[in-house]
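A.B. asks: What follows is the residue order along each chain.
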Amino acid sequence: MRLMYFSEAIDDALAQAMVEDPNIIVFGEDVLLLRRNLLARFGPARVRGTPISESAFLGAGVAAAMAGLRPVVEVWQVDFLSVGLDALINHAAKLEAFTHGNWTAPIVVRVPCGGGYGDGGQHEQSLWGWLAHIPGLSIVVPSTPADAGRLMLSALRQDGPVVFFEHKLLSEIYLAALGSGGRESVQFDVPAEGNRGPVPDKWAPLPLGEAIIRRDGGDLSLISIGVGVHRALEAAQALGKDGVSAQVLDLRTIQPIDKFQVCQAAAKTGHVLIIDEDYEGFGLSGELAAILLEAGISVKYARVCTQTTIPYAQQLEKQMLPNTECIIASAKSLLVG
Amino acid sequence: MRLMYFSEAIDDALAQAMVEDPNIIVFGEDVLLLRRNLLARFGPARVRGTPISESAFLGAGVAAAMAGLRPVVEVWQVDFLSVGLDALINHAAKLEAFTHGNWTAPIVVRVPCGGGYGDGGQHEQSLWGWLAHIPGLSIVVPSTPADAGRLMLSALRQDGPVVFFEHKLLSEIYLAALGSGGRESVQFDVPAEGNRGPVPDKWAPLPLGEAIIRRDGGDLSLISIGVGVHRALEAAQALGKDGVSAQVLDLRTIQPIDKFQVCQAAAKTGHVLIIDEDYEGFGLSGELAAILLEAGISVKYARVCTQTTIPYAQQLEKQMLPNTECIIASAKSLLVG
Amino acid sequence: MDLWMLYALMKKSRLFEEAVAQLWQRGLISGEMHLGTGEEAIIAGIVSQLMPGDAMAVDHRGTAAFLMRGIDPVALLREMLGREDGLCGGRGGHMHLYSKEHLAASSGIVGAAGPRAVGFALAAQYLRPASVAIAFFGEGAMNQGMLLESLNLAAVWNLPVIFVCKDDGWAIITQPQEAARGDMGERVHGLGVNYVAVDGLDVDAVWSAGSQAIERARTGGGPTFLHNRCVHLEGHFLGYELLRVTRRPFQELPKLTVPVLRSFLRKGGGSLKERLAGMKMILSKLWSTMRDPREDENNDPIIRLRQRLMVDPGRLNEVDQNALTEISAVLSAALVEVTR
Amino acid sequence: MDLWMLYALMKKSRLFEEAVAQLWQRGLISGEMHLGTGEEAIIAGIVSQLMPGDAMAVDHRGTAAFLMRGIDPVALLREMLGREDGLCGGRGGHMHLYSKEHLAASSGIVGAAGPRAVGFALAAQYLRPASVAIAFFGEGAMNQGMLLESLNLAAVWNLPVIFVCKDDGWAIITQPQEAARGDMGERVHGLGVNYVAVDGLDVDAVWSAGSQAIERARTGGGPTFLHNRCVHLEGHFLGYELLRVTRRPFQELPKLTVPVLRSFLRKGGGSLKERLAGMKMILSKLWSTMRDPREDENNDPIIRLRQRLMVDPGRLNEVDQNALTEISAVLSAALVEVTR
Ligand SMILES: Cc1ncc(C[n+]2csc(CCOP(=O)(O)OP(=O)(O)O)c2C)c(N)n1
Ligand SMILES: Cc1ncc(C[n+]2csc(CCOP(=O)(O)OP(=O)(O)O)c2C)c(N)n1
Ligand SMILES: [Mg+2]
Ligand SMILES: [Mg+2]
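First to last, the protein sequences are chains A, B, C and D.
Once you know that position 118 of the first sequence is 1374 in this note's numbering, the rest is easy, because the numbers rise by one and skip nothing.
Once you know that position 138 of the second sequence is 1394 in this note's numbering, the rest is easy, because the numbers rise by one and skip nothing.
Once you know that position 63 of the third sequence is 169 in this note's numbering, the rest is easy, because the numbers rise by one and skip nothing.
Once you know that position 100 of the fourth sequence is 206 in this note's numbering, the rest is easy, because the numbers rise by one and skip nothing.
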């Protein structure tokens, strides 16, 4: 066991995979800065910078994957995928279907996501539920360093495209690069266990589609992903003091999604609260509701999600993103109502 | 009352609005062909062709809307928005929030959508539920000529951006342009009432967010939108012969969405079947489930949606898109189960 | 360069696509259908030079390229017929043709061939040294950001890409003078890519320019852009309205003009001047099509090549016969169990 | 052109941004902070010529443009402080500044200023004849498809857009020679837009080139692209790592190099040659920053302009004093109720 930061763990697992598989290459804007440690170890042929041409380099990544490489393509923030989505939506995601399973594009798209450090509405989106709508993409959203590294390893072994979300509030690299820069006067509400934690000495893949219970409880199931998991854990602890026993389920990946554990958790407590930092409507929280109803599980249900465009001002930003107080309040009214 | 085809009705309502408001302009690829009737009446300054530069002309449309025009911007197919989404997602949708309500972009983006004419997976997507995930966009999906014209009028009166979906299977213009071209040897499963119907002599706006019951019934509620509504109606009729009384609710717009009528319909019959031509996961069908659970309405629920990438082969395509047989079968097993 | 071999490729492609057109007319092929008839010299001039390991990114008009690459024509036709035993199990259709073993992939998204060829070429750099990647696309695509980006990226990474622009002067009904400004050569140069203008009706010229570009790419010289002019004999796609009007004016013209005139005359709207300007644009579209370049035999690359090969009419006849036999066999093989 | 007026604009902007930097350092402003210090000559040279009805599309580095456009500096600063009474109610922040009455809008999406200026100019054609729209962006943005597309579109529609490229030779840590090929002038020409290269450190030169471009646009002559070179005095954004290393090598260098070296030495991975090539790239980045162009006073447009205005030191002193007084007043007004 070693202790690692979140992005350090991802890069470490990635490095292990790169040693084993010479076809893994990494590229994206400014990766010479972001992945300088990989650059120094694997050289510039395998770690490349790109112009600010997301459409071209994402599309190139998909095609390179079709032609035998295993590219890990980085985009500065998930918000900026908006300028290069075609490669993912219409090409990577559809190839397997178009070829009746004959051809796939094993690309990993690494995207920082999420808010809580003051960049506002065009830079702090989550969008995992949005991308999950498109059949053919795997969607991974780890919440701890150990999961992050292990899921990166799995992502690198998938046949098809994987979007790997790296929450900026967990990532020491992005926080330093984006949020705080050269100052020590700011402090973000970084979940400690998410930011740094024990990781295995040698990385082993964690299969996609396996949720995990982070905390057991009998009254209420909090289902979440990414930073939301840590907020849920904090809320569960507070609720515990008030005599409410809350379970916390971390989905870890939403495509595939662990329907079995979702249903089990819901059936156990009969009360489900979804915590999702992505937008509320037409996303993960809705899909979970559908999964429950389809399974014929009747529960009390509520959701704490991001309602609309994230405002810049610190206080407003905090209120907009799912936070512990909100979760506690919703949990209580769900149990009462 | 006049009889009109689906796209004819939209263009007619648009023309009425253009007469009243000189700030409405129309542009997009090949609109000189598609909107030649408008071109002949309003001239080339108000009906413009564009290069195949979706990012640029959608972005320009958003900014033109910010600066006082009311652009109706056309994209050949909703699938191709993938190359120009930034303008909608990060700009049009967020402007009102970023400016605390001070500035909005009243653009109408007109997008053909939907399948059933043989173009396959990269050209027949629906994606309305996908776009609805992004706060700040209104999403309109009419199912009849009268609604289509009236909703276009409303769209043109919104403060913010509206994505106006025009189902190709209803549209005489797109069907001729894309599906059949110069041949008479093909026939598509075009819903007659959707394709042509009575429209008012003078167009009046239909407010966004008002669903409508297309057929009453007490055993089961079929909730749908677009072409799905017609499939649902056909299924309801067939079910009627088997003694099942099915209600059909046409949502007409999904952002805003008529939660009240959704809940009412569900509460009335206790059995809800969603028919959605958009992809199943993380979309409209999930959001409806969440709306019901949030309202504490406990129902039996099922959904018939597009499962994955739409295949090209006619028979496979038909099976993939929500069809009457599927709806009937799902309805029956929902009522039994 | 073997003109006879190139002629055979072109001829077979033409016959194949003509057969496709008939099947489409009979309703056996669904959806849109974009033929490549008229651009055979471009495709043959390039594709005939590809080797195993070379890759191809094709746009919505990819049938000829697939055929000439040696991909099973029966599987190709069965794909268009939507059959389980088609090239892609009937899942793709004519705009989404794929062959993994040939590293050949199509796309219906205008401009997507650019990034795709860049990715193929990137993989070649690692895995298949001295292999190249071809991108086929139209002049309309040269206004699409991702294609422009991909030229620059290919240049920055010095990748073995040949960007092959098939400029037919039309993007559906949009003509270059309405959609683009600046000189194409300058545009391409300004994105760092070597530019060569080619007569796309002359397979000889395409082959030669292609040969240099491919050689350059294979030896680490980086990307080249070949700008080839051509005429699409069936217009944008089968059933193309403007061409229909031109070809059957009595039946088709009223369908177009009556509603336009009615709208022109309606109360409310633009001034007379504006309306007339609008009418003029519609008429000029019709007019451009009426002066149909297809009527000039010189715009058909196959007829042009035949003229040169007439030096040996016996051999020409033989090649024609072989092509016919081959494509007929393909047709009957593909149509087994389909024709009613 | 009034050099004194331009100097005053530039000086006030500099003081304002320096104040912003301090507030950011103190943690009173959250998120990233991209200053425009060093590009004031470009902004002043253009913005000072705008009239009511003209529009402005700005990138992530928009503070100076907003300030010089006459937008309330107190509201601007309050916006960055996230206050309800900020320019956008605290909802936007420094990358999302908007003023509807000035038709001024920012965006954090690289390249988005292009389409936006095109749309503003399109609206001007209908609603505000003889008005223009400015797009401000960096050289890195010139590899972004939507910006390239928008140049062409502005040319096709002959729109009154002035594309103002502020070329500082860096896009975060990426330099043009790594990210672009071809000549910028050719690229712009090839997209149909008039191209002018300008010394962006010389407000005089910018003003003159801008004046011609604006005049041309106002009179229906279509778009112009002004390519202005400059140096960003604070690097990409506040706290920029490479600059930190340069400025405080003893504290900062080890933070960067120790992990890199550790990784360099780890078992498994590239050959020594490959590793050394990787190290060399990292070092060359550091090296480029170390040869800090900021140390050359000639790269500061304000210092350069001062040298010219030294002919009247009394007046210069007065202008400086006024700027200081004004910005101090802005600061105190904006900070009411905030400073602890
Ligand atoms: C991104 C995108 N926008 C629009 C379309 C619709 N479309 C299909 S083909 C075409 C014209 C393409 O013109 P060009 O590139 O010149 O090729 P050509 O058809 O002339 O061979 C258009 C606009 C599309 N498929 N993809
Ligand atoms: C579409 C997009 N991709 C990437 C980024 C991240 N990013 C922000 S600023 C920047 C560099 C921009 O360089 P340039 O255009 O030269 O402007 P400069 O910062 O040098 O003024 C990048 C890559 C972004 N904001 N948007
Ligand atoms: Mg063309
Ligand atoms: Mg720059």
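Keep in mind that the hints were calculated from the coordinates and are not lab data.
Being a predicted model, the structure only gives us computed values, none of them experimental.
Don't take every hint at face value.
What the hints assert, rightly or not - The list that follows gives simulated cross-link-like pairs (lysine to any residue, SDA-like), each with its CA atoms no further than 20 Å apart:
(1) D:Lys386 - D:Leu415
(2) D:Lys379 - C:Tyr232
(3) C:Lys206 - A:Glu1276
(4) C:Lys386 - C:Gly375
(5) C:Lys386 - C:Gly420
(6) C:Lys379 - B:Glu1276
(7) D:Lys379 - A:Asn1358
(8) B:Lys1574 - C:Lys386
(9) A:Lys1515 - B:Ala1301
(10) C:Lys206 - A:Lys1515
What the hints assert, rightly or not - Partner residues are not named here, just some residues of chain A that face chain D (Cβ under 7 Å, in silico):
(11) Gly1305
(12) Ser1311
(13) Leu1393
(14) Gln1493
(15) Gly1496
(16) Gly1499
(17) Tyr1568
We treat Cβ as the ideally placed atom computed from N, Cα and C, and that holds for glycine.
A.B. asks: Hint by hint, say whether it matches the structure.
C.D. replies: Results for each hint:
no.: 1; hint: D:Lys386 - D:Leu415; result: violated (44 Å)
no.: 2; hint: D:Lys379 - C:Tyr232; result: holds (17 Å)
no.: 3; hint: C:Lys206 - A:Glu1276; result: violated (25 Å)
no.: 4; hint: C:Lys386 - C:Gly375; result: holds (16 Å)
no.: 5; hint: C:Lys386 - C:Gly420; result: violated (51 Å)
no.: 6; hint: C:Lys379 - B:Glu1276; result: holds (19 Å)
no.: 7; hint: D:Lys379 - A:Asn1358; result: violated (38 Å)
no.: 8; hint: B:Lys1574 - C:Lys386; result: violated (42 Å)
no.: 9; hint: A:Lys1515 - B:Ala1301; result: violated (55 Å)
no.: 10; hint: C:Lys206 - A:Lys1515; result: violated (34 Å)
no.: 11; hint: Gly1305; result: holds (6 Å)
no.: 12; hint: Ser1311; result: holds (5 Å)
no.: 13; hint: Leu1393; result: violated (22 Å)
no.: 14; hint: Gln1493; result: violated (27 Å)
no.: 15; hint: Gly1496; result: violated (32 Å)
no.: 16; hint: Gly1499; result: violated (37 Å)
no.: 17; hint: Tyr1568; result: holds (3 Å)
The structure fails hints 1, 3, 5, 7, 8, 9, 10, 13, 14, 15 and 16 (numbered hints given earlier, in ascending order).
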